[in-house]
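Peer 1: Residue strings, one per chain:
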Amino acid sequence: MAEVRLSGLSKSFGSTVALEKVDLEVPDGSFVVLLGPTGAGKTTILRMVSGLDTPDEGTVTIGGQLMTGLTPAQRNVAMVFQQYSLYPHMNVRENLEFPLKSPLLRTPQSEIDRKVNEVAEILQISHKLDNKSTALSGGEMQRVSIGRALVRNPSVYLMDEPLSSLDAKLRADLRVELKSIQANSGATLIYVTHDQVEAMTMATHVGVLDNGKLVQFGTPRQIYEDPVSLYAASRLGQPRINVLPADLFANVPPKATSIGLRPEHILQGEGEESTVTRVEHLGDQTRLHLIFKNHDLITVTDAHTELQQGDTIKIKPDNPLYFDASGARLV
Amino acid sequence: MLDKKTGQAPAPSQGSNTRGMKGLSDRMVGWIFIAPTIFLLLAINIFPLIWTIRLSLTNYRANRTNAEVKWLGLRNYERILTDPDIWNAMQATAHFVFWTLTLQVLIGFTLAYLINKKFKGNDLWTTIIVLPMMLSPAVVGNFWTFLYQPQIGLFNYFIGFLTGADPSSFSMIGDVALAPWSIVIVDTWMWTPFVMLICLAGLRSIPDSIYEAAECDRASKWRQFWTITIPMALPFLMLAVLFRGIENFKMFDLVVQLTGGGPGSITELTSINLKREAFEKWRTGYASAYAVILFVTVFGLASIYVKALNKVKER
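Protein sequences appear in the order of chains A and B.
Straight run, no breaks: the first sequence in my numbering ends on number 349.
Straight run, no breaks: the second sequence in my numbering ends on number 430.
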């Protein structure tokens, strides 16, 4: 296991800038989640770290060693691809064995069997081991693909949206499994997703990417509570942060043009009136859709609320986040 | 449209029970559509085949239609299978098929592998390599007789240049030892591009991401080649071998133009041999038996091979 350091990493594909001067330090044994929409450069970072692509500028160091010019095999990274990339002519067991059968490792067959069975157990694919890898569902393929990385003991795991095609229950199971595997083994893991639940629940660190730039890096809590920009703030939080023009409220800082309200920033029962447009009972909580001075808002309220559509409720911002015209946070 | 009473769509038509246009059942319409094809197939494939089998049991001669036709039973077959000339032709064919396939697969796959590497102008190279395949076999046979010409032939000059031997000291199509190789060389020259194209299709069907995964799984280029490239391209490779194998088993035009079966009957492949029996010696019954034997051989080999191919594809 090792720490990973990216410094000044840039990459363009033709005229499209995929990454722009990204500096990132992934501590040894950390679980780093890269968040951002499609095209933000998340996958590009993984490919640079793995050595499948070479950066135009900047360097990658793994465990203190400069990786420039080294192949993925020499870097000893394990990667889970978004498109699974299973070996179609091999069955599930052969796919899982493939990395262990590398002549570099000289793993004895009994050890290979043990490892493969163990990983298959965790990923709930033991009963599929002798299936053809092309005769699996998308979720099963994805699990085999994760398994192919987990059987190894690399210096860093790279995972590109590994849980995206699983159903909700399995995804929740595997989130816990992956997190505990990582925590127990002390592995360094770089994980790409745009699912904020995965980011919040698994990450020790979150990196927020915007158009090839790393805009914020910190613990999930830091990014949630102390985002540097409107963009970073809207990456995390369910329901999403509400953004309203700042001039709807009194006492805002002079340069603020918009105000960001998470549910906990909205005090109910005081302040100005708003109209309830919809009530969503989710069981453990209730979501309120409100109209406040012609602006839509979503907040959370008591699970057993008596409020109904058409009711009015007074609300008031409580310690909200302020942003200037460029979207930067005002503190 | 919705049914007014039940509000449901009408049930879809169910096979032959539903009446189609003008009272014809679906099954009937189907038969009408395939009838011309079935008729043609029967008329130009199945009927001649059965007729050939019938003729093969007689001493019929197509140039003497008035002569009495005698029923010989399996005598023709017996005579063919004990005829040393025919065994020589079989051997010449086996030699030709084996070596053309081996060379074409080796060279064709290598070329495909090289062309598949991303480099500038590989489309142009593909076009150039494919050119020989587009020529007529008769033309190819004809101009290779010039290339093989001991005094003025480019081929002889080229070999002489490489080995230092006198170009006019050997004759590819005149020498008993060299002639079998002369036809192997020309067929390989002409048809390697075909094998290359099919192999190229096979190689292109392997997505880059598979190699990337293997790269991350720490497989060396060597291991990637043997565990990914070869197994994944194998069905294509086998298909190329099947096509070329069947084609070369019945090779005729190219070799007739090039050597005419000579010198002596060294390059007389079975199809040339057969043509001599049927249309020079006019032993129609005998030649029919010969044709049936060849048909059964090719058909048998091909079906065993196709079984193997399907097994490989199913993995």
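Take these hints with a grain of salt, some might be off.
Here are the simulated DMTMM-like pairs of lysine to aspartate or glutamate, each with C-alpha atoms no more than 25 Å apart in a straight line [stated by the list, open to error]: (1) B:K422 x A:D148; (2) B:K233 x A:E282; (3) A:K150 x B:D200; (4) B:K428 x A:D71; (5) B:K390 x B:D141; (6) B:K426 x A:E75; (7) A:K332 x A:E291; (8) A:K119 x A:D74; (9) B:K232 x A:E291; (10) A:K119 x B:E193; (11) B:K426 x A:E112; (12) B:K235 x A:D74; (13) A:K119 x B:E327; (14) B:K428 x A:E112; (15) A:K133 x B:E327; (16) B:K365 x B:D238; (17) B:K233 x A:D74; (18) A:K332 x A:E282; (19) B:K428 x A:D148; (20) A:K150 x B:E362; (21) A:K119 x B:D323; (22) A:K150 x B:E327; (23) B:K233 x A:E112; (24) B:K426 x A:D148.
Derived from the structure by calculation, the hints contain no laboratory data.
Note that the coordinates shown come from a computational prediction; the quantities given were computed from them, not determined experimentally.
Peer 1: Work down the list of hints and note, for each, if the structure agrees.
Peer 2: These are the hints, each one checked on the structure:
For the hint linking K422 (chain B) to D148 (chain A), the alpha-carbon distance of about 23 Å falls within 25 Å, and the restraint holds. The straight-line distance between the Cα atoms of K233 (chain B) and E282 (chain A) is roughly 56 Å, outside the 25 Å bound, and the hint therefore fails. The straight-line distance between the Cα atoms of K150 (chain A) and D200 (chain B) is roughly 51 Å, outside the 25 Å bound, and the hint therefore fails. A hinted pair counts as satisfied when its Cα atoms are at most 25 Å apart, and K428 (chain B) with D71 (chain A) does not qualify at roughly 33 Å.
For the hint pairing K390 (chain B) with D141 (chain B), the CA-to-CA distance comes to about 47 Å; that exceeds 25 Å, so the pair is violated. At most 25 Å may separate the alpha-carbon atoms for a hinted pair to count; K426 (chain B) and E75 (chain A) exceed this at roughly 49 Å. Proposed proximity of K332 (chain A) and E291 (chain A) is supported: the alpha carbons are some 4 Å apart, at most 25 Å. Distance hint between K119 (chain A) and D74 (chain A) is unfulfilled; the C-alpha atoms sit about 34 Å from each other, more than 25 Å.
With a C-alpha separation of about 68 Å, the suggested pairing of K232 (chain B) with E291 (chain A) is violated against the 25 Å cut-off. At most 25 Å may separate the alpha-carbon atoms for a hinted pair to count; K119 (chain A) and E193 (chain B) exceed this at roughly 56 Å. A distance of roughly 18 Å separates the Cα atoms of K426 (chain B) and E112 (chain A); the hinted pair therefore holds under the 25 Å criterion. Between K235 (chain B) and D74 (chain A) the alpha-carbon distance is near 22 Å, which keeps this suggested pair within the 25 Å criterion.
Taking the CA atoms of K119 (chain A) and E327 (chain B), the gap is near 17 Å; set against the 25 Å cutoff, the hint holds. Note on K428 (chain B) and E112 (chain A): the hinted pairing holds, with a Cα-Cα distance of about 17 Å set against a maximum of 25 Å. The suggested pairing of K133 (chain A) with E327 (chain B) holds, with an alpha-carbon distance near 23 Å, which does not exceed 25 Å. Restraint check for K365 (chain B) and D238 (chain B): not satisfied, since their Cα atoms lie roughly 32 Å apart, outside the 25 Å limit.
A C-alpha spacing of about 20 Å is found between K233 (chain B) and D74 (chain A), which places the hinted pair at or below 25 Å, so the restraint holds. Our distance criterion of 25 Å between C-alpha atoms is met by K332 (chain A) and E282 (chain A), whose separation comes to about 15 Å. A hinted pair counts as satisfied when its Cα atoms are at most 25 Å apart, and K428 (chain B) with D148 (chain A) qualifies at roughly 17 Å. For a cut-off of 25 Å, the pair hint linking K150 (chain A) to E362 (chain B) is broken: about 35 Å separates their Cα positions.
Taking the CA atoms of K119 (chain A) and D323 (chain B), the gap is about 21 Å. The hint holds against a cut of 25 Å. Annotation: proposed proximity of K150 (chain A) to E327 (chain B) holds, straight-line Cα distance about 21 Å (limit 25 Å). About 30 Å separates the Cα atoms of K233 (chain B) and E112 (chain A), which puts this hinted pair outside 25 Å; it is violated. For the given pair, K426 (chain B) sits about 17 Å from D148 (chain A) by alpha-carbon distance, which is consistent with the 25 Å threshold.
Going down the numbered hints, you'll see the structure goes against 2, 3, 4, 5, 6, 8, 9, 10, 16, 20 and 23, while the others check out.
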